[in-house]
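Listed in order, the protein sequences are those of chains A and B.
The first sequence runs 283 to 502 under my numbering.
The second sequence runs 415 to 957 under my numbering.
Calculated from the structure, these hints are not laboratory results.
No incorrect hints appear here.
Footprint (simulated), chain A over chain B, 3 or more residues, beta carbon under 8 Å: (1) 853-862; (2) 871-879.
Not close to chain B: a few residues of chain A, all C-beta gaps over 12 Å, as computed: (3) G291; (4) A348; (5) P393; (6) T411; (7) G414; (8) E420; (9) S454; (10) A469; (11) P501.
Think of the CB as a built atom: it goes at the ideal place given N, C-alpha and C, for glycine as much as any other residue.
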Amino acid sequence: MTTHEGPPGLTLTDVGVRYGDVVAVDGATLTVDVGEIVAVTGPSGGGKSSLLSAIAGIVAYTGRIAWNGEDLANVPVHRRGVGLVFQDGQLFPHRSVARNIEFGLEMAKVPAARRREVVTELLDLTGLTGLGDRPPTELSGGQRQRVALARSLAVSPRVLLLDEPLSSLDASLRDRLGTEIRDILKARGTTTILVTHDEAEAERIATRVVRIDGGILRPL
Amino acid sequence: MTARGIARRPPRLSIESWWLGVAPLAFLAVFFVWPTTALIARGLGDAVGSSLPWSRMASAALTTLTLSTVGTVLTLAIGLPAAWALFRRHWMGARFATALATVPFVLPTIVVATAFRALTRGMHFADTKPGMLATIVAAFVFFNVAVVVRVVGPVWAQLDDRQFWAARTLGASSFRAAMNVQLPALTPAIVAAAATVWLFCSSSFGVVIVLGGGSVATIDTEIWLQANRFLDLGAAAFLGIAQILVVASTLLVASLLRGRLRGSGLSRGAAQAKRPSGPRGVFAIVAALSPAFVVFAVPLSALVWRSVRTRNGIGLDYYARLFDGHELAGVASSAASAAGRSLTIAVVTATVATTLALAVALVATRRRRGGWLHIGVLLPLGVSSVVVGLGSLLTLTRRLPGGFSLVDADLLVPAAHIVVALPLAATVIAPALRAVDPRLRAAAATLGASPTRVFALVEWPLIRRSVAMAAGIAAAVSLGEFGATTFLVRPGAPTLPTLIFHLLGRPGAENLGMAFAACVVLAVMTLAVAMVSDNPRAGRMMT
Chain A
283 MTTHEGPPGL TLTDVGVRYG DVVAVDGATL TVDVGEIVAV TGPSGGGKSS LLSAIAGIVA
343 YTGRIAWNGE DLANVPVHRR GVGLVFQDGQ LFPHRSVARN IEFGLEMAKV PAARRREVVT
403 ELLDLTGLTG LGDRPPTELS GGQRQRVALA RSLAVSPRVL LLDEPLSSLD ASLRDRLGTE
463 IRDILKARGT TTILVTHDEA EAERIATRVV RIDGGILRPL
Chain B
415 MTARGIARRP PRLSIESWWL GVAPLAFLAV FFVWPTTALI ARGLGDAVGS SLPWSRMASA
475 ALTTLTLSTV GTVLTLAIGL PAAWALFRRH WMGARFATAL ATVPFVLPTI VVATAFRALT
535 RGMHFADTKP GMLATIVAAF VFFNVAVVVR VVGPVWAQLD DRQFWAARTL GASSFRAAMN
595 VQLPALTPAI VAAAATVWLF CSSSFGVVIV LGGGSVATID TEIWLQANRF LDLGAAAFLG
655 IAQILVVAST LLVASLLRGR LRGSGLSRGA AQAKRPSGPR GVFAIVAALS PAFVVFAVPL
715 SALVWRSVRT RNGIGLDYYA RLFDGHELAG VASSAASAAG RSLTIAVVTA TVATTLALAV
775 ALVATRRRRG GWLHIGVLLP LGVSSVVVGL GSLLTLTRRL PGGFSLVDAD LLVPAAHIVV
835 ALPLAATVIA PALRAVDPRL RAAAATLGAS PTRVFALVEW PLIRRSVAMA AGIAAAVSLG
895 EFGATTFLVR PGAPTLPTLI FHLLGRPGAE NLGMAFAACV VLAVMTLAVA MVSDNPRAGR
955 MMT
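Isolated chain A, as found in the complex (with noise of 0.2 Å):
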């Protein structure tokens, strides 16, 4: 991870995901720097998910991705470093908000009582504060997303994957929501992209904005 031998943050190299005889990205290529926002958008399987599951890790890709030049290839899922926020939170039934939001740091084998702090300011930077004894079924689908986040936010991941983080939500939320986050995200400098159809939602966000449709990636 300290080597740096290529560019700085992350880079794609001519990265194809199929299933089958279906090709759902072709040859994509792209630079994130440290510290960018940048926004994916095209029509919905057009291959925005797969390209985010590809740098994830939880999907089989071809060609390269690689953080500060560090080929990714057999760094498993678990050790990538990277935050995945989906369009339905995917929260942790079982466990309230803020057991969801220190479950990246349990993993890390961080002391209860940093936990602890790191949930609370999590709580407070997302605008959940007092939320943590409860659970995710009884949270509205905006705070369920900043839950989300802030459980991605916690464990301070080299790039955080927002896959359609906003869609599920209703267009005036989802204005003032996309403006938290981008603040949220600008202020901690987290390398981030976001995938969405929303091309309104992309400008608002991302510093950024690339187009992804048939599966190839065009600069917009």
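On the provided structure of chain A, position chain B as indicated by the hints.
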């Protein structure tokens, strides 16, 4: 486009290696496939080589077909009105009654058969052949009404009323509208229920052997008679093949019918169960439920009543006598030690069957060709437990070169129970595991959880309730297992069901009274296991 480079295997996010399938496969190969194929080979060999008791076998086959058909028709006749009253009508206690209706299904066959013995005791008609046949059919109905209620009821509850009312506005009478609109929509469910009921009837060994009194023989009981009384293993094996064919053809016919009936317009909507209107509505519910209630309540009451009615009036004498620790004549074991043995075997069965089922489910739901493993594990469902028992007797009772014997190690009975319980446990666990969203595993993995931790911290908490339920079902099946066990119990080491069977066969009111008492004990044990495992808290106890 062509793929550039070779894509690696999809990464593993949780425990899902194919080698998990090795243990269940090896277990089934030794304890199911080998015994069953050896039995088929033996039966075919003897059919060519020696003279078999053809007329006895033909009559057993005919009796099986007749009894199963009559049993299925009567079960539908009593179960369908009950399903209507429980699922189409809204009344206080309907949910409780629905839960209660599944109780008979959990009860061990030997308990139900003995309950009918308790009921017909002293009736002269019951000792005639027609009387025995009638009692057997009544016991079939007892068991299987729950199947009809549980399979047809939920479909019926979801039937869209609007088509019915559309037909009514077009001038159809209530009856004609029901026949022309609702019945076709219900037919697939009714066929599925009928096939299951037919299957249970045709392989209902315990009921027939206890209530048939030696003069009614079905394929299953004839297998037992040929093997244990006439010592003609060839004939028994040949009948085993017949039994396999009966089950296979039932499944085939059912799936063909289901294929043909699909798309016959089962329109589903959010139909509301209606409240009964007026005294006539209430009367309809009572009338629909009464037959089922009578079939359940009367024999069970008779069983309990006979178990406490002693020569000296009402008392627990039979229970006391049963558990005073004396060795029962002929089985060289006390009832208490038989009960203890049954419990031990149930615990072993539940543990092993659930573990193997979990392994099967992990492979079946995660690996691309894992579905085949699941299908393989379901195969024992298609074979009567008597066939499993006889097959094991033919193959697994041999002494290994080192002097080791499965019989001496008391492993044969648990192994057979596991074979019977494994498909049921897998059927409970697999859907629960499939219901865990793959993205939830991905979320946990990206947060730094290794595959083992993804399983332990995310998946296990979500499936443990189903695992507990599977363990409970396996334990209940083991406690009541009778068909395979009768072939495999070692002299001096009976289980509670085989002990009851033994007591039933001995003369004297005291032996019969103790059999009734033992049945009540076994029923309570089984229901306790079923209730504990179905409790929401049961899953938590396992962590």
